[in-house]
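These protein sequences, in sequence, are chains A and B.
The numbering of the first sequence is the numbering used here, which starts it at 1 and goes up by one.
The numbering of the second sequence is the numbering used here, which starts it at 1 and goes up by one.
If you're looking for bench data, these hints aren't it; they were derived computationally from the structure.
Just to be clear, a hint being listed does not mean it is correct.
Put simply, identical chains are the same to the list, so a pair is met inside one copy or across any two.
[Stated by the list, open to error] Here are the simulated DSS-like pairs of lysine-lysine, each with C-alpha atoms no more than 30 Å apart in a straight line:
no., residue 1, residue 2
1, K259, K59
2, K16, K238
3, K141, K16
4, K168, K10
5, K254, K14
6, K26, K167
Residues per chain are reported as follows:
Protein chains: 2
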Amino acid sequence: MLPEYLSQVKKLVKDKMLKSISNNNKIEEAMAYSALADSKMIRAGLVFASSETNKNISKESIITLSSAVELMHTYSLIHDDLPCMDDDNLRRNQPSNHIQYGEANAVLAGDALQALAYEIIVNDNFLSSDDKVNAINLLSKACGKNGMVFGQYLDIENENNQSIDIKKLDDIHNLKTGKLIECAVMLGQIGSSLESESLNALRDFSSKIGLAFQITDDILDVTQIESILGKNKNSDAKNNKLTYIDIIGLGEAKLKANKLTDLALNSLNQSNINNIDKLIEMAKYLIGRES
Amino acid sequence: MLPEYLSQVKKLVKDKMLKSISNNNKIEEAMAYSALADSKMIRAGLVFASSETNKNISKESIITLSSAVELMHTYSLIHDDLPCMDDDNLRRNQPSNHIQYGEANAVLAGDALQALAYEIIVNDNFLSSDDKVNAINLLSKACGKNGMVFGQYLDIENENNQSIDIKKLDDIHNLKTGKLIECAVMLGQIGSSLESESLNALRDFSSKIGLAFQITDDILDVTQIESILGKNKNSDAKNNKLTYIDIIGLGEAKLKANKLTDLALNSLNQSNINNIDKLIEMAKYLIGRES
Numbered sequence: 001m002l003p004e005y006l007s008q009v010k011k012l013v014k015d016k017m018l019k020s021i022s023n024n025n026k027i028e029e030a031m032a033y034s035a036l037a038d039s040k041m042i043r044a045g046l047v048f049a050s051s052e053t054n055k056n057i058s059k060e061s062i063i064t065l066s067s068a069v070e071l072m073h074t075y076s077l078i079h080d081d082l083p084c085m086d087d088d089n090l091r092r093n094q095p096s097n098h099i100q101y102g103e104a105n106a107v108l109a110g111d112a113l114q115a116l117a118y119e120i121i122v123n124d125n126f127l128s129s130d131d132k133v134n135a136i137n138l139l140s141k142a143c144g145k146n147g148m149v150f151g152q153y154l155d156i157e158n159e160n161n162q163s164i165d166i167k168k169l170d171d172i173h174n175l176k177t178g179k180l181i182e183c184a185v186m187l188g189q190i191g192s193s194l195e196s197e198s199l200n201a202l203r204d205f206s207s208k209i210g211l212a213f214q215i216t217d218d219i220l221d222v223t224q225i226e227s228i229l230g231k232n233k234n235s236d237a238k239n240n241k242l243t244y245i246d247i248i249g250l251g252e253a254k255l256k257a258n259k260l261t262d263l264a265l266n267s268l269n270q271s272n273i274n275n276i277d278k279l280i281e282m283a284k285y286l287i288g289r290e291s
Numbered sequence: 001m002l003p004e005y006l007s008q009v010k011k012l013v014k015d016k017m018l019k020s021i022s023n024n025n026k027i028e029e030a031m032a033y034s035a036l037a038d039s040k041m042i043r044a045g046l047v048f049a050s051s052e053t054n055k056n057i058s059k060e061s062i063i064t065l066s067s068a069v070e071l072m073h074t075y076s077l078i079h080d081d082l083p084c085m086d087d088d089n090l091r092r093n094q095p096s097n098h099i100q101y102g103e104a105n106a107v108l109a110g111d112a113l114q115a116l117a118y119e120i121i122v123n124d125n126f127l128s129s130d131d132k133v134n135a136i137n138l139l140s141k142a143c144g145k146n147g148m149v150f151g152q153y154l155d156i157e158n159e160n161n162q163s164i165d166i167k168k169l170d171d172i173h174n175l176k177t178g179k180l181i182e183c184a185v186m187l188g189q190i191g192s193s194l195e196s197e198s199l200n201a202l203r204d205f206s207s208k209i210g211l212a213f214q215i216t217d218d219i220l221d222v223t224q225i226e227s228i229l230g231k232n233k234n235s236d237a238k239n240n241k242l243t244y245i246d247i248i249g250l251g252e253a254k255l256k257a258n259k260l261t262d263l264a265l266n267s268l269n270q271s272n273i274n275n276i277d278k279l280i281e282m283a284k285y286l287i288g289r290e291s
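Just chain A, with the same shape it has in the complex:
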């Protein structure tokens, strides 16, 4: 059952983070505050689920790579929540990092979380150097100027842009959210012997579930209560950002998320990859989740 699987993933990743952030100083405290706060750890779950198809990676290294993705995701949330960005004061059911620790420390905690994501990969005990280099290549590209950071720029740049269309919205979220989700799936394949056709199927799968995930985020922002979401409702409306609901409506948005998930599952099912059960469960969970 997936929630149980994700619970196990969360426990392992939290243990790893606890060991990696020793809480010796205020910056580590601020890092741990956000990284260890209760979250769904979807990206870690995707690294694990993807790695079920990969016999060439150790459990310890799966935990390392999952933790790296979650550290990176946490840094991006801390920076995105800053007053100069989305100015959100609630995250993971607690005050945002800059509310708790001040803006300067929130910027620094995010910066240090990014550095730590790379640091724990290079210090993994089981990955080969080639594997580490491949993992850092995936992660740095996904998170950089042509990936997640660029997506966040576009997201903010298009505040107050009321003429944004669905194609543009897809582009923004493919970068802002999709790149790291694709990265998570591909990190599960570090060292794997899959052929390029199968890897392409995984990339196609992950880019589609990444977008479905973001559309579901927009849907939940309308349909779910704040205490279950654990973050500010109507943040996009406050910042004059158009969402999928604004552009195509709630019904169409649900259809689009479902269709993307179907297409993602088709890509997987038509591939020659074995042991894809957990990836299928994750894809279904992403659009069926409550927060």
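Got chain A; can you put chain B on it based on the hints?
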């Protein structure tokens, strides 16, 4: 002659940065704005100078590692200049990044510069995977929660602390400035065959010149004009941060910088390392510079 040597280093590193930041979007524009602005490139110079003692590294890889350190340093300057940090509006003789591009883009440009530092190392054509892993290990540790970021935290945390002593000030600057300077020197040794005793001598050398560099910064803040410094004068005073000048006075500060440099040079001269001329010149340049 050292200025000529540094000019060559700057040209090579700028060329590499130009190739790495393609200016296709606003974030790349903001990254290039700060990274390519005229600067002394002392850290790149230290990678080069250190690598003169190392026969096992290619010119291209020296350029890569130098560029990575400069990208990292640039990101730290952009974030340090933010209103929530030191709130400085002049850097490298031009408006600070957030003055030119806004706070959100400055945060993002810094974030992307950090990612790019790692990305260009993993994509180097000549370093082995082991070398890349070693380089990223050095860089991520130097810049993270127990290095540069922690130093910047302490620096801000001690604003308004008028009882700070010289030991504490040394600790802050060893972290904030010294860690990345030591990292630059050690990156020049990637792949080197130096024995641990020699590497320790280099570490000792670099930690001492790192502190001498920072003391000289404080001296120049008092003795030099803003247009030559290229950054705001009296920034520390504005933020109620005590400097070496405040605590021990200008004369003692100069003596301390000179003494540290002498000790650093002793470490080098007493070691068995060959081809240390450029490192010696760099150490002397750091305390003799005009900006």
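Each hint tested on the structure:
{"no.": "1", "hint": "K259 x K59", "in the structure": "neither (33 Å within a copy, 51 Å between copies)"}
{"no.": "2", "hint": "K16 x K238", "in the structure": "neither (36 Å within a copy, 41 Å between copies)"}
{"no.": "3", "hint": "K141 x K16", "in the structure": "both (24 Å within a copy, 17 Å between copies)"}
{"no.": "4", "hint": "K168 x K10", "in the structure": "neither (34 Å within a copy, 39 Å between copies)"}
{"no.": "5", "hint": "K254 x K14", "in the structure": "neither (32 Å within a copy, 48 Å between copies)"}
{"no.": "6", "hint": "K26 x K167", "in the structure": "between (43 Å within a copy, 20 Å between copies)"}
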